[in-house]
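There are 2 protein chains.
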Amino acid sequence: MLTKDVHRNVVTLHKKRDFKGLNQLFRTIPAVDVAGFIRPWPLQDRIQVIEELPVAESAKIFSRLPYSGQHELAGSMGHENFVSILIAMAYDERTRFLQNLPSEEANRMLALLPKERRDKASRLLGHRKDSAGRLMTPDFIAIQAQWTVQEAFAHIRTYGRDSETLNVLLHPSETKIEELRKHRNIVLHVDDTVPKASTLFQKYQRTVLPVVDADRLLLGILTVDDILHMNEKINTRAIQSIGGNEALDEPYLSIPLLRMFRKRGGWLVILFIGEMLTATAMRFFEAEIARAVVLALFVPLIISSGGNSGSQASTLIIRALALGEIHLNDWWRVVRRELVTGLSLGGLLGAIGFLRITAWSLVKPIYGPHWPWVALTVGLSLVGVVLWGSLSGSMLPFILKRAKLDPATSSAPFVATLVDVTGLIIYFSVAYAVLKGTLL
Amino acid sequence: MLTKDVHRNVVTLHKKRDFKGLNQLFRTIPAVDVAGFIRPWPLQDRIQVIEELPVAESAKIFSRLPYSGQHELAGSMGHENFVSILIAMAYDERTRFLQNLPSEEANRMLALLPKERRDKASRLLGHRKDSAGRLMTPDFIAIQAQWTVQEAFAHIRTYGRDSETLNVLLHPSETKIEELRKHRNIVLHVDDTVPKASTLFQKYQRTVLPVVDADRLLLGILTVDDILHMNEKINTRAIQSIGGNEALDEPYLSIPLLRMFRKRGGWLVILFIGEMLTATAMRFFEAEIARAVVLALFVPLIISSGGNSGSQASTLIIRALALGEIHLNDWWRVVRRELVTGLSLGGLLGAIGFLRITAWSLVKPIYGPHWPWVALTVGLSLVGVVLWGSLSGSMLPFILKRAKLDPATSSAPFVATLVDVTGLIIYFSVAYAVLKGTLL
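First to last, the protein sequences are chains A and B.
If you're matching positions, the first sequence starts at 1 in the numbering used here and goes up one per residue.
If you're matching positions, the second sequence starts at 1 in the numbering used here and goes up one per residue.
Just so you know, the hints here were simulated from the structure itself, not pulled from any lab data.
There could be a bad hint or two in this list.
As the list claims (entries may be wrong) - 30 Å max Cα-Cα, derived DSBU-like pairs, lysine-lysine:
| id | chain 1 | residue 1 | chain 2 | residue 2 |
| --- | --- | --- | --- | --- |
| 1 | B | 20 | A | 203 |
| 2 | A | 233 | B | 401 |
| 3 | B | 404 | A | 176 |
| 4 | B | 4 | B | 129 |
| 5 | B | 401 | A | 129 |
| 6 | B | 115 | B | 129 |
| 7 | B | 203 | A | 196 |
| 8 | B | 20 | B | 196 |
| 9 | B | 401 | B | 203 |
| 10 | A | 404 | B | 233 |
| 11 | A | 203 | A | 176 |
| 12 | B | 4 | B | 15 |
| 13 | A | 129 | B | 129 |
| 14 | A | 401 | B | 129 |
| 15 | A | 233 | B | 196 |
| 16 | B | 176 | B | 203 |
| 17 | B | 233 | A | 196 |
| 18 | A | 129 | B | 196 |
| 19 | A | 364 | A | 436 |
| 20 | B | 404 | A | 129 |
| 21 | B | 364 | A | 233 |
| 22 | B | 203 | B | 4 |
| 23 | A | 196 | B | 196 |
To be verified - Residues of chain B clear of chain A, computed beta-carbon distances all greater than 12 Å:
| id | residue |
| --- | --- |
| 24 | 57 |
| 25 | 129 |
| 26 | 257 |
| 27 | 369 |
These numbers come from a predicted model, not from an experiment.
We put the CB at the ideal spot given by N, CA and C, even for glycine.
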């Protein structure tokens, strides 16, 4: 949501090592964006920014750093500075920081807090992980039922502290509204998708955001509970699609059976027809199977390993695309990562497969006299099939998205089908090369 | 969140057909709960409740009914009553209702609205589905930057309308707080999980909820943006697990390759070792394959069909369990549904498989002289394997949850592995029974 100017300014000031200028600039932009700017900087630069800002501000920035960054800073910055940040953090942010530490270290940190705060903080850590108790803040203002609205406002003005929701109430009645408008740049565009809107609500911790058109004309407001609802629907659709269903759009127990049959039957038939190619591929190698039946034994093992590695890769990429962690033009970076990962995973399974056949054969000659060549065939095929599964599994979501389709569409079974057919070709080709002259 | 007393009262009053009493009671409980109560009632009873409540209240109840219920009411209740409900609905709720109607009918409904409201409403429907523009409400109060806080409050009091967030501001300063506390029963318990909390935030459309302990002592507050964030993490973990990964807990592009290798390699090896049983099963039928190589041709087709139907069933159940749509003790209802669905889907694929082999064989005798028996074997095996895939895929999440494990854990590939091994046994057993005396 920041303008390009701000980005350019930060880069220039940092290059000039003008930390005074940086600190001035950082006071005017949201803490989460400051955290984003300084995250990749050298440790000393990060410390300098954090230590020189007012503690209220640096506590917010510290809270929005990823856990690894927090840990590094905590261990390297001045003790006194760190203690004041720890004290100034919001309760829920502090819980999130402390719960990732080894319990001994967390206790050492808790001991640094003033008594009342320490007690509350350690009580929060006592609740089960991912429970409401672990996530909440005990930092609320209680008002009494018998008070009037006026009395309640007066109480809030006196005892309330800075918070997104209370901002307006905490200022004297004569304050001009424009003085209160911090970070007013955060708006949704009318065409923003639900995941995009969801990211902004989370990043800036808002509960309501204005919606504007291309001319930045205010059209309406969007509240976060609607986003929560839509997000759940979208995730349901994604999970159901990954499993090879058409989205049910109704609860499992109440959808009529005929409709469920149609929602599942459609994709099942498409995948079945695709999978028929395996029979065609197998028939192509029928003569080889007849000559060396031992080859047939490993067909399910090999194609399923390709399918499994394909499912892994495709679900990782689908989710990363949905969260906006990767974009269409990242495909080449993904290919390189999957090349390395696919080769190593294939090597691992290949080695296990090779050793398994070797071990059995040393005990009992169940795979015939040419077992070393069979073991080699299976091992090499696994490397190829797992590599191919990882590559095609990671690329399919890109292709679907490029074609303006939902990347989640039936991807896992779809990849499995693709890899089944090509896996057979890889397997029998390797077999032909390795076993020519012995078994074949 | 309603007490058992309220439930009992509603049932009693409805049984006595005391609609006056019901309407009195319904004014004191949240609209979403009223919608829940009346949803299963006969149409005439629903109409009576909706028509006799003040229109502001009935518009809210109408908004919280599922689409099918809204449609039914719209077509059956008094025209005038329906028009006033349509006018009284919030913009975003009306968009949700209208977007599900055929466009002709939606236009007819729009024409019923007063001009200004009609224009705004049809503009909302003009935005892309699932975009911020489609979800927002244009019903906001604009305040000017140069106003003081006091002036802004005065403006809001004069022009603001009822809304969750503005409640307190809209009342004269002398109003007692207790008069404003509607639906105060809605609280989170300190042990509530994120999905449970998420459901309550959505259902009651709140942005902040109090968190209490077992004695209903107020411990803190939880804001919905934290829930949004946790929900996203939980959904990421679920999707990654379904694909057979250990949750990465880091963005795809930034996780070190060695850690990614470990997160994927662990499950891949476990599944590979499980899948080795297919080689054992195949070896058990080695003699049959040697005698009838044609049997080997259909192995990938049959086991993958089982895997696909298993993935479908398991992802549907995982999601329904996560959303709380089904619970552990619903397992028997699920078994009955999957029996019917699995048999029908199996029958469908079996028929296609049978016809495919028949069709090919009539053109060219590629499956040998006994092709009718081969076709029968494949067809029957598909029925069995798809049925078995659906049943085991739907039951595995229950078993994992019962064992206090995450139902999403590697479920799709896990089911596939299970079904691969058992699918082979089904296939070769059917083959043995059908082909005994001909091919075998």
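Structure-based check of all given hints:
For the given pair, residue 20(B) sits about 48 Å from residue 203(A) by alpha-carbon distance, which is inconsistent with the 30 Å threshold. At roughly 23 Å between alpha-carbon atoms, residue 233(A) and residue 401(B) fall within 30 Å of each other, so this suggested pair holds. Restraint check: the Cα-Cα separation between residue 404(B) and residue 176(A) comes to about 56 Å, which exceeds 30 Å; the hinted pair is violated. Annotation: proposed proximity of residue 4(B) to residue 129(B) is violated, straight-line Cα distance about 39 Å (limit 30 Å).
Among the hinted pairs, residue 401(B) with residue 129(A) is consistent with the structure: their alpha-carbon atoms are about 18 Å apart, no more than 30 Å. About 24 Å separates the Cα atoms of residue 115(B) and residue 129(B), which keeps this hinted pair within 30 Å; it holds. Simply put, residue 203(B) and residue 196(A) have alpha-carbon atoms about 23 Å apart, close enough for the 30 Å limit, and the pair holds. Distance restraint check for residue 20(B) and residue 196(B): the Cα-Cα separation of roughly 34 Å exceeds the 30 Å cut-off, and the hinted pair is therefore not satisfied.
Distance check on the hinted pair: residue 401(B) and residue 203(B) sit about 25 Å apart at the alpha-carbon level, within 30 Å; holds. Our distance criterion of 30 Å between C-alpha atoms is met by residue 404(A) and residue 233(B), whose separation comes to about 26 Å. Between the alpha carbons of residue 203(A) and residue 176(A) the distance comes to roughly 27 Å, so the proposed pair stays at or under 30 Å and holds. Our distance criterion of 30 Å between C-alpha atoms is met by residue 4(B) and residue 15(B), whose separation comes to about 17 Å.
Pair hint residue 129(A) plus residue 129(B) does not hold up; C-alpha atoms about 36 Å apart against a cutoff of 30 Å. Pair hint residue 401(A) plus residue 129(B) holds up; C-alpha atoms about 18 Å apart against a cutoff of 30 Å. For the proposed pair residue 233(A) and residue 196(B), the alpha carbon gap of about 16 Å is at most 30 Å, so the pair holds. Using a Cα cut-off of 30 Å, the hinted pair residue 176(B) and residue 203(B) holds, with the two alpha carbons roughly 27 Å apart.
The hinted pair formed by residue 233(B) and residue 196(A) meets the criterion: a straight-line CA distance of about 15 Å does not exceed 30 Å. In summary, the hint linking residue 129(A) to residue 196(B) is supported, as the alpha carbons are separated by about 14 Å, within the 30 Å threshold. Restraint check: the Cα-Cα separation between residue 364(A) and residue 436(A) comes to about 24 Å, which is no more than 30 Å; the hinted pair holds. Only pairs whose Cα atoms come within 30 Å are accepted, and residue 404(B) paired with residue 129(A) is accepted, the gap being roughly 15 Å.
Taking the CA atoms of residue 364(B) and residue 233(A), the gap is near 50 Å; set against the 30 Å cutoff, the hint is violated. Proposed proximity of residue 203(B) and residue 4(B) is supported: the alpha carbons are some 19 Å apart, at most 30 Å. Distance hint between residue 196(A) and residue 196(B) is fulfilled; the C-alpha atoms sit about 24 Å from each other, no more than 30 Å. Distance check on residue 57(B): its Cβ is at least 20 Å (rounded) from any Cβ of chain A, clearing the 12 Å threshold; non-interface status holds.
The beta carbon of residue 129(B) sits about 10 Å from the closest Cβ of chain A, which is not more than 12 Å, so the claim that it is off the interface is violated. With a minimum CB-CB distance of about 6 Å to chain A, residue 257(B) fails to clear the 12 Å threshold, and the non-interface call is violated. In this structure residue 369(B) is separated from chain A by more than 12 Å, as the shortest Cβ-Cβ distance comes to about 16 Å.
The earlier numbered hints that this structure contradicts are 1, 3, 4, 8, 13, 21, 25, 26.
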